[in-house]
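Protein chains in written order, with full-length UniProt numbering: chain B, 1 to 234; chain X, 1 to 355.
Heads up, some of the hints might be wrong.
[Said to hold, decoys possible] Here are the simulated distance ranges between beta carbons: (1) B:D121 x X:G11: 51 to 61 Å; (2) X:G104 x B:L33: 18 to 28 Å; (3) B:G122 x X:G310: 26 to 36 Å; (4) B:S21 x X:G11: 41 to 51 Å; (5) B:G122 x X:G230: 29 to 39 Å; (6) X:N69 x B:R74: 23 to 33 Å; (7) B:F43 x X:S7: 26 to 36 Å; (8) B:L136 x X:R318: 54 to 64 Å; (9) B:G122 x X:N69: 15 to 25 Å; (10) B:R227 x X:G104: 27 to 37 Å; (11) B:E219 x X:R59: 28 to 38 Å; (12) X:Q261 x B:D121: 51 to 61 Å; (13) B:G122 x X:S121: 24 to 34 Å; (14) B:E219 x X:N91: 26 to 36 Å.
These are calculated hints, taken from the structure and not from any lab test. Idealized CB from N, CA, C, for every residue including glycine.
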Amino acid sequence: MSFYLTDAEWAAIQLSLQVASLAIAIALPPAVLLGYALARWKFPGYTLVNALVHLPIVLPPVVTGYVLLVLFGRQGMLGSFFADVFGIVFAFRWTGAALAAGIMAFPMIIRPVKLSFELSDGQLEEAAHSLGTSRLKTFLLITLPLALPGILSGAILGFAKAMGEFGATITFVSNIPGETRTLSLALYTEMQSLSGDAGAIRLTVIAIVVSICALVFSEVISRRLSRKLGGQHD
Amino acid sequence: MIDVDISSRLGDFSLSAKFEVNSGITAIFGKSGAGKSSLIRMIAGLSAPDNGRIALGERVVFDRAASINVPIQQRGVGMVFQDSRLFPHMNVERNLLYSQWAAGRKSAVGLAEIAELLGISHLLKRRPHGLSGGEKQRVAIGRALLSNPQLLVLDEPLASLDASRKAEILPYLLKLKNEFGIPMLYVSHSLGEIEQLADTLVLLDAGSVVAHGPIAQMLSNLELPQLASGPDAGSLLFATLNTYDEQWQITEFGLEGQVLQLPGQLGTVGQDARIRIKAKDVALARKAPEEASVRNVLSVVIEGITETSGPYAEVDCRVGEQHLRARLTRHSVHELQLVAGQQVFALIKSVALDQ
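Construct all of the structure, not just a fragment, from the sequences and the given hints.
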């Protein structure tokens, strides 16, 4: 058995990195804003929004993928809008894989983000307001930097999740080599072929390493977070 | 001058406050849950009352009828919270100067001067989490001062500190008062702190202002049991340090033309001092005692006698313009035939210096 990756496997890994990067870029800003809103505000429909955010965890991924196909397919309401207005096509493209991965990763990102906004209860912001900074400036100078470890931790977990996304991706954008065949899809393909065992094992090892690294990084960062914020209340 | 006339409902609790106080230190005193914090949050602009008006000096910062509600960023109120609330991701210097680099405020006093005054010059490069509770509070006070406030609001700034840390901070607050003359609202449920600091006292009970006025007058007002009852109740007297006797190590204070002596060297000549005398430590005599160990004897005039339901009577005496309370048994009052208007001698067993 060869330990070296084939070109196709390399391509799948590179594609996964590319897809996961775009997925995080799409998902992180709304996750930060929504995480802040859910942590600090009580508004009508709170429970519904909270449920929607976490829906991808419980929903069968194939359902998420199918919904995306209906909405963002060529004929879909949003799909035709993005194609006509921005010239962005999602269906059967790597951008679609990123969209699917971003949505599947969203609950993973928002959880630590929300938690870190909950850790401080707005008291430091009150102090900042009394010292003259506006709400926006206070958010940028105080709230956001203090939530940074949580945001980073969410981004790392989300990245790992996005790299390995399978169900929603294959349903929405299919399994096209070089376009949508990410790591998990390549692994699935190798498992289907008669001679694919060695490749499947190589990709499995890579998937495990990526996941463990993400969990360890995220844990280290959240520990730093609690230490940092722990010092402010005594 | 701070002019407050507000009312508000906060769930089951209703707050109504009407008072005006002049500059200097105004203490807002009351038990926990009396509404002290709610009141100052409204004055500072952290929340808005349902009704009423708040003016700081000439400036109306809140007026429901005129739809005025100046946001906290523009009220010019410096806040010091019980839990200091320093920004943990910035060092002490960045914290102190926050209002200047982040909000563009200009301060008449400089960082160096404030840091020197508060004894925090050596901490500037440190992060807040490494500081002691007392150091954190001093930084918080400095940070509020450097935001160039017209009013400094301190919400129980010493409540979370132990006794020795409290003693460490109080002198700094007195220095602020004397050197900057910035008006302060000082919220506390500790009468001891208030006696040392405040010029005016606003008494809050169950959401409403029961009384407000000059500190000494409030403390000796028997109609305010929150202040004037209890075993340690007494009088606050304002005196001046006259001399210090090196041989006997006695400091002599002048009080309305009379003299009080306290053991030890207690400051510098000419300095103003607050002297606290517990009512139970004052005895009255019709004649000046001779050959007695009690050194402090003041000639006083009885203003009034209030008999309680128990064995005691509270005797309100006047020393010049100031008041001194004595707690005697009703039996002694009867035997000595004490009546209002009578000139007697107050024998003071123990005197505590508050400042």
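We went through each hint and held it up to the structure:
The hint said 51 to 61 Å for the Cβ distance between D121 of chain B and G11 of chain X, and at roughly 19 Å that hint is violated. The beta-carbon spacing between G104 of chain X and L33 of chain B, approximately 27 Å, falls within the hinted interval of 18 to 28 Å. The supplied range of 26 to 36 Å is broken by G122 of chain B and G310 of chain X, whose beta-carbon atoms lie about 49 Å from each other. In this structure the hint that S21 of chain B and G11 of chain X lie 41 to 51 Å apart at CB holds, the actual value being about 49 Å.
A hinted range of 29 to 39 Å for the beta carbons of G122 of chain B and G230 of chain X is consistent with their spacing of about 38 Å. Checked against the given bound of 23 to 33 Å, the beta carbons of N69 of chain X and R74 of chain B, roughly 53 Å apart, lie outside it. Separation of F43 of chain B from S7 of chain X is about 28 Å and conforms to the stated range, judged on CB atoms against 26 to 36 Å. At roughly 59 Å, the beta carbons of L136 of chain B and R318 of chain X sit within the given window of 54 to 64 Å.
Our hint of 15 to 25 Å for G122 of chain B and N69 of chain X holds, since their Cβ atoms are close to 19 Å apart. Between R227 of chain B and G104 of chain X the CB atoms are about 33 Å apart, so this pair conforms to the stated range of 27 to 37 Å. The supplied range of 28 to 38 Å is broken by E219 of chain B and R59 of chain X, whose beta-carbon atoms lie about 52 Å from each other. At about 53 Å, the beta-carbon gap between Q261 of chain X and D121 of chain B stays in the expected band of 51 to 61 Å.
About 31 Å separates the C-beta atoms of G122 of chain B and S121 of chain X, a value consistent with the hinted range of 24 to 34 Å. Checked against the hint of 26 to 36 Å, the pair E219 of chain B and N91 of chain X passes, with Cβ atoms roughly 27 Å apart.
Hints 1, 3, 6, 11 from the list above are not met by this structure, while the remaining hints are.
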